[in-house]
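Protein chains in written order, with this note's numbering: chain X, 1 to 237; chain S, 238 to 474; chain F, 475 to 699; chain L, 700 to 924.
Everything labelled a hint here was simulated from the structure, so no lab data went into it. Among the hints, erroneous ones may be present.
[As the list claims (entries may be wrong)] Below are the DSS-like pairs computed for lysine-lysine, each with C-alpha atoms no more than 25 Å apart in a straight line: (1) Lys544(F) to Lys16(X); (2) Lys397(S) to Lys422(S); (3) Lys370(S) to Lys303(S); (4) Lys544(F) to Lys185(X); (5) Lys849(L) to Lys422(S); (6) Lys919(L) to Lys253(S); (7) Lys133(X) to Lys328(S).
In case you want the letters, here they are:
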Amino acid sequence: MLNFVESVQEAVSGIKDGSTVMIGGFGNAGQPFELIDALLDCGAKDLTVVNNNAGQGDQGLALLIKEGRVRKMICSFPRQSDSWHFDAKYKAGQIELELVPQGNLAERIRAAGAGIGGFFTPTGYGTMLAEGKETRIIDGRGQVFETPIHADVALIKALKADGKGNLVYRKTARNFGPIMAAAAKHTIVQVSEIVPTGALDPENVVTPGIYVNTVVRVPAAAGNTAGSTTGTEEKVA
Amino acid sequence: MLNFVESVQEAVSGIKDGSTVMIGGFGNAGQPFELIDALLDCGAKDLTVVNNNAGQGDQGLALLIKEGRVRKMICSFPRQSDSWHFDAKYKAGQIELELVPQGNLAERIRAAGAGIGGFFTPTGYGTMLAEGKETRIIDGRGQVFETPIHADVALIKALKADGKGNLVYRKTARNFGPIMAAAAKHTIVQVSEIVPTGALDPENVVTPGIYVNTVVRVPAAAGNTAGSTTGTEEKVA
Amino acid sequence: MGVMESSIKTSEAPLSRDDLARLVARDIAPGSFVNLGIGQPTLVSNYLTEDQDITLHTENGMLGMGPEAKGDEIDEDLINAGKIPVTELPGASYFHHADSFAMMRGGHLDICVLGAFQVSVTGDLANWHTGAPGAIPAVGGAMDLATGAKDVFVMMTLLTREGASKIVESCTYPLTGVGCVTRVYTDKAVFLTGPGGITVRETFGCTLEELQELVPVPLKAAAAA
Amino acid sequence: MGVMESSIKTSEAPLSRDDLARLVARDIAPGSFVNLGIGQPTLVSNYLTEDQDITLHTENGMLGMGPEAKGDEIDEDLINAGKIPVTELPGASYFHHADSFAMMRGGHLDICVLGAFQVSVTGDLANWHTGAPGAIPAVGGAMDLATGAKDVFVMMTLLTREGASKIVESCTYPLTGVGCVTRVYTDKAVFLTGPGGITVRETFGCTLEELQELVPVPLKAAAAA
């Protein structure tokens, strides 16, 4: 059932201790900061969090980790120049890490939403990230068996929702939103705008309302691009 | 490389005997009739054709089958009230049939485009369509191992293409187009309209041009809805 | 084969196809996402009310399907899984075939309503193929719907033209899905399937004892809801 | 360790990072779809010409990425895989993460250009993790790019700061992908990898013999193209 709620607090109020929570976003684009802040406030703990990263700076997911609410991170890129809260917890042995190549992360989330029990992929074959996993040679290529990642809750950000919960996104802020919405039992979306049913062109709906459970409007902050664009992912040059 | 050509004949001229050809469409919606006619004219034979059905009436795919060009059909629903050409060839043992549940057909095509080596699905478990296939129990559910369906060529129909080969579709004519475009080595698209690059909103592109090789404009025939809507798929009442 | 009598609902006469469709429609919870199979199940759409706010899915790539298109509304690019021209409701969306079947297979549809040749006591469904020699098999989306929807409702006459029960101990026709059916709506009774076997929710124009005479598996009344 | 001399191209001096980026850019076939990794590979975009009509992919969901955004162009919803604000070119498209990685993993990108710690004679790539005790591993999209692109070009200095060759018999760092690298662009030479082992296409500021002194695997000149 679809619910429109008045506050981010109300939106996250049903999240229980021990939940697996997917959080959308890549960098700041598509990060549902207000929903994450509400999750921090609501006190849920012992969480497994699925996100591309493991928090940056002193905001959002990084604070959830700092406060010890996250038992386990499933992500592709935890180590960043400003991921100090994760780094500290990890080095102290206080957080579990499941490191997943980004494409496997995306495909495993998609598999959960699509009812796939598992799949073979060449990504990771012959690397330490495939250690202990089932492998087979298919058409001459080594492949690794990967399993779906399901979640209890997804927290995502979209641009607009209509009265049926249909969503559209904006530019690269789309990223993990559509697949997380499909993979979670309960999907909570913060949108900049709620439009009347019929206002979105059916050809352009990205996430059909069937994947959405709770919608809350969080107006886009004016000028919050400042400080949002520190490039912090470092790879080898 | 992307090519814009002047005729459907030119568009299909590279299709070789023995090719696996995916043909888009569900019912008449999205069927690239003019490309299929051109394929018939060009004489390519010994084809494996992937389509949801196996031809209807005396047009398109049905004629390819009648003329003996199709060695094997991979489809979900060959038997229709007007699939007489397929029926005759099948009963005469002159065509091979790989019958695939429609969702497995779609997911296997998608898997080919996405580089997946194979996947487990509950669909078909315990039925005759899973006979001889690998199965396993995952999270308490019986699942069947299914493999990707790759193709040499895809023939699809879209509404518009821009100069980069980006495509948009129209209503339920979208159906198999996007996944077939990604699964084939060479994708040939007939469109009603070619628009300048930049005329399609990047948020609304359905098939990015990376999946498109040949585009040909085939203006939509006026009033060709007549006779296109005979409901012919019969299931049990 | 003992019958446990109880105070289940009954009606004066067997239900017509339309009455049965009305009953199924009434049993669909408000706000549900539903796929109606080709044939008899399609009738259900005639009895869904606006209040119910049901969203219909068609597996060829659409949510928010409206009624059959008539006259000028007919658009060859807008058809349902039975290839019948349909209409689009406000709040509709279109998607490609893999996304559409991901929706079905991922357990997102609340209910699908399907026809059947046979349903077994354990909820096995046979509805796609007679298995007769020479018959050309055709499956479409039946297996995906049967396996993927949260609830699978079957609509059928209880008896074949020859008078044999379509509720059986074990299907003799090729299976569509194993243990997938949750309810069976027939002209003579509504059956519920589940871990405890098959039970009868209500009968139409017959008593549970009379129904038992027709059906070759032990029946009992469903626990009151 | 014999060196087969031949008339391969050489230049007076080792290449600067920008010269190397210019060379890689020149080697990309017109009309290609390309992903440029974070760091040094990003420089390549500065030397792509309009005539080449190259479409850049960024794995966070975009084709048709333009140059880095400046001033008023900066939009926090439009960033590249390095989380740097970028711009959008005409003919761009956006898609979600699974579609974006399906594009990479399905073999649709013509070329990806990556940095590396080490490349082996058989084209194994190590570029994501030092494996040092206490190092926090982070992989991002490196394995998907290495495994999925039709051609994997590596850009790196030939030698580490300590003077060790990054072209090795067998990688000592944890692998990113097995046998995936097709070319290695370094400041001192361009190497091709393939079934016949590693060959040298051209050298910069050194002869093949001098290059062989630096690299602990047998080198030979590539067959003329």
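key: Hints violated by the structure (numbers, ascending)   = 1, 3, 4, 6 and 7
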